Amino acid sequence: MKSAIALLVCLLSLCAPASRAADILNMGFYLPGIRDANLADVHITLQLWADEVGKAHGINATAYTYSDMAALYRDSMVGKINLIVAPGMEIAETFAPEELAPGFVGKHHSSSEGLVLIVRASDGIRQFGDLRGKKVLHLSNDRLSSVFLENQCRQQASAACADLFQVGEEKRNSQTIHKVFFGQADAALVSISALHAANELNPQIRQRLHILLEWKTSSLGYGLMSARTDMALRDRVVKSAMQATNTVRGKQLLELFKTDFMDRVDVQELKPYWQLHRERQEWANHKARKK
Amino acid sequence: MTPPWLSVRLLPANRMFFRVFGVFGSLLLAMTILYGLLIIPLQRDSLLKVLYSQATTVSRSIIQASSDAMLTDDFGFVVEHNLQVLQNNKSIQSVLIVPRRGSALSIATSGWEMLQTAAAPIKPADYDVESYGIVTSPEGNARYRYITPIRFSGVSWGVMQIDFDTSEYEANIDEMYRQIAYISLFTLLAILPIGYFFALWLTRPIATISQAASRVASGELDTHVKIDRNDEIGDLSHSFNQMVQALAENRRQLENVNLDLEIKVTERTQELDELNRTLDQRVRDEVSKRKEQEQLLIHQSRLAAMGEMIGAIAHQWRQPLNALSLVTQNMQMQYLTGQQTEESMRALQDKAQQLIQRMSQTIDEFRNFFKPSKHSETFNLAQAIQAAADILEGMFKNHNIELGMDCPSDIELYGIPGEFSQVILNLLGNARDAVLTANQPQPKIFIRASLGQNQVQIDVEDNGTGFDPNTMHKIFEPYFTTKEEGKGTGIGLYMSKTIVENNMHGNLEAISMANGACMRITLPIKTSPVTG
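For the protein sequence lines, the chains are U and G, in the order given.
The numbers in this note's numbering rise by one with no breaks, and the one at position 232 of the first sequence is 232.
Numbering-wise, this note's numbering comes out as the position in the second sequence, counting from 1, plus 1000.
It should be emphasised that the hints constitute simulated quantities derived from the structure, not laboratory data.
Note that the structure is predicted; figures quoted are calculated from it, not measured.
Do not take every clue at face value.
Unchecked claim - In silico SDA-like links for lysine to any residue, alpha-carbon gap of 25 Å or less: (1) G/K1090 with U/H196; (2) U/K171 with G/D1074; (3) G/K1090 with U/D230; (4) U/K135 with G/Q1087; (5) U/K290 with U/A160; (6) U/K171 with U/D75; (7) U/K107 with G/D1074; (8) U/K251 with G/T1109; (9) U/K271 with U/S112; (10) U/K171 with G/E1113; (11) U/K171 with G/V1135; (12) G/K1090 with G/M1031; (13) U/K135 with U/Q156; (14) U/K171 with G/L1071; (15) U/K134 with G/L1071; (16) U/K171 with G/A1108; (17) G/K1090 with U/I211; (18) U/K134 with U/I211; (19) U/K171 with G/M1114; (20) U/K171 with G/Q1087; (21) G/K1090 with U/Q156; (22) U/K135 with G/K1090; (23) U/K171 with G/L1189; (24) U/K171 with G/I1063; (25) G/K1090 with U/N199; (26) G/K1123 with U/Y64; (27) U/K107 with G/T1072; (28) U/K107 with G/D1068; (29) G/K1090 with U/I44; (30) U/K171 with G/K1123; (31) U/K216 with G/K1123; (32) U/K80 with U/K290.
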């Protein structure tokens, strides 16, 4: 999600020189998707950069925050929001592909992104079915983790996760990894980047933990333009954003949010999410039919 | 023309300026360096206390936040929390948590790892001891290490070691050194102008007064010091000016006095010159006058002596004259009676001739006695006294005065015999007058001479009136006499004392006796001329 914030701020700063006096950029920001940053800090940062860029380049940049994706969707549909910043799963569950336009995402050089289900190597868990009766953790308020884990339980055990093992939630990925490492949980679903970071901090983690399942994607958070936005503005924003890492201000933002570079993202890159969403819909419908 | 500011000397040429400047500068610099040397350890301690305070705060915070996790062996939380602590506090380099049971956790900004307790650097013996201080890592980096026991409800759970980055501490120390260096440099730079003006302010008035004092010492009493300051130096300059003013006034007065003195000295010198010019004449006049007086006295004395001699002759001649008168009467009687014969005539003539011869002899004797002799010679004392007594013999017989004499015949003296006899004659004459004035029924005069050690003493005693105590001290003065008018000249004793003391180097003194008086002559025994 940090990548998404960086993307948004870069857009604010880099789009400005290309904008006309009448250009208006309204950003819709889904706050529950922010997990590893202080919400107040994020909001202040966004507004500060928006004001600074706006004054310097004659653009009216405004940041809007949302706690409900439905509200964000409504504003987007009526043209109030040009840019949607939210986790990929929430976007896929809310928007249809034709309602979105290409945007940007913050990426790391060293690792790919996605989810991994980790277990202790010493526990002898070699397949998903071995998790029966175990304690499995995932991030709280993380729609992707919930959907992915539930889909796995349905697909591999034809049962609800709650019926297979004890599900627990933690606030942070690192915390979740440490719980498994120290034996306070048997398995955990964490992001690939988080596991990579934990491995860097303690190589013992790589030795002790084993990846049971892996699901990859381009990013966990996205900033996508609304399909209703003027094409010229979208192109101008895209071109300028590609040069984000070439400017001092852009580098500062990437450093601030620990993102290596900004990359153009197409709407099609959200296909894994829509796939998860469809699977989720299918077993939900199946479950409803059985009732 | 040289501008006035060029004539101002930037460095005053007085030693005191350089001394004050040097002392002030050295003192200030030394104080600054001393301050620096004193402040560095204090500052180090202070910074270490800050580190200690930070360490205790961080350790308490970690222990307090992780207490539940530690008690429940939730090491994931412990790691998570400490990673956050390390992330939020860049000064903490690492945290090492060593539980009494289980594995130790080494958490650093670069990562964390689990350690076997035995491999942990803290030994169980140190679990209950708090320690802290600067340590050096194996890589050679300095760090502040704080080790504190972890206790819950008094029960030891383990120990925690926190390493703090000392770069800030070292930066502070470096900054402190830099600041002290800057302060020292600033002090050094400040000393130059401040010290210069301070030394100038302090020494210039003193130098001014000193120079003025030198000018005053060289005689420039119109010197005036212009220092307008409201302090001791101002008072000093004011007093100096007053002193110089008083000195000038005194000098003027002294010059006036000197002038008066010079005038007086000139006058006196002129007077002295005049006096010197006339002194010889005056001395000559005085000497001449003195001689005249002496001549007069001698003349008077001689006249008195003549009187005495005539009196004495008269007394000597009285008997032969009576006898001659009887001879002439006998001749007349024989002629008238016809008894005159050739033989009787011849007998009477022979008789008369003898008498006349005797009278003539008396005159010769007197003449010889009083004949002035100016030649000193050795003479016999008894003979000289006897000669004087013979002159007055007739007179003494007429007045029934008994003259006694006790004088050894072998005493020889050296001097002018006539002058000595004149002295004896004067003393006998005065004794005769005294006994006659006293109407003594048995008037006596006695001359006694006795020989002492190198001197002879001659006493002329009488049983006359003696001396009047009121006038005794004046009896040797010239023209002083107690005799009736016409009988005394007042010269005799004066001349006698002059002869005895000046010519014969003896002494003449008057002694009162119970029945009369005694005149004592003391003379040195000399038989040949002596000096002095």
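In rising order, the numbers of the hints this structure does not comply with: 3, 4, 6, 7, 11, 12, 17, 21, 22, 23, 26, 27, 28, 30, 31 and 32
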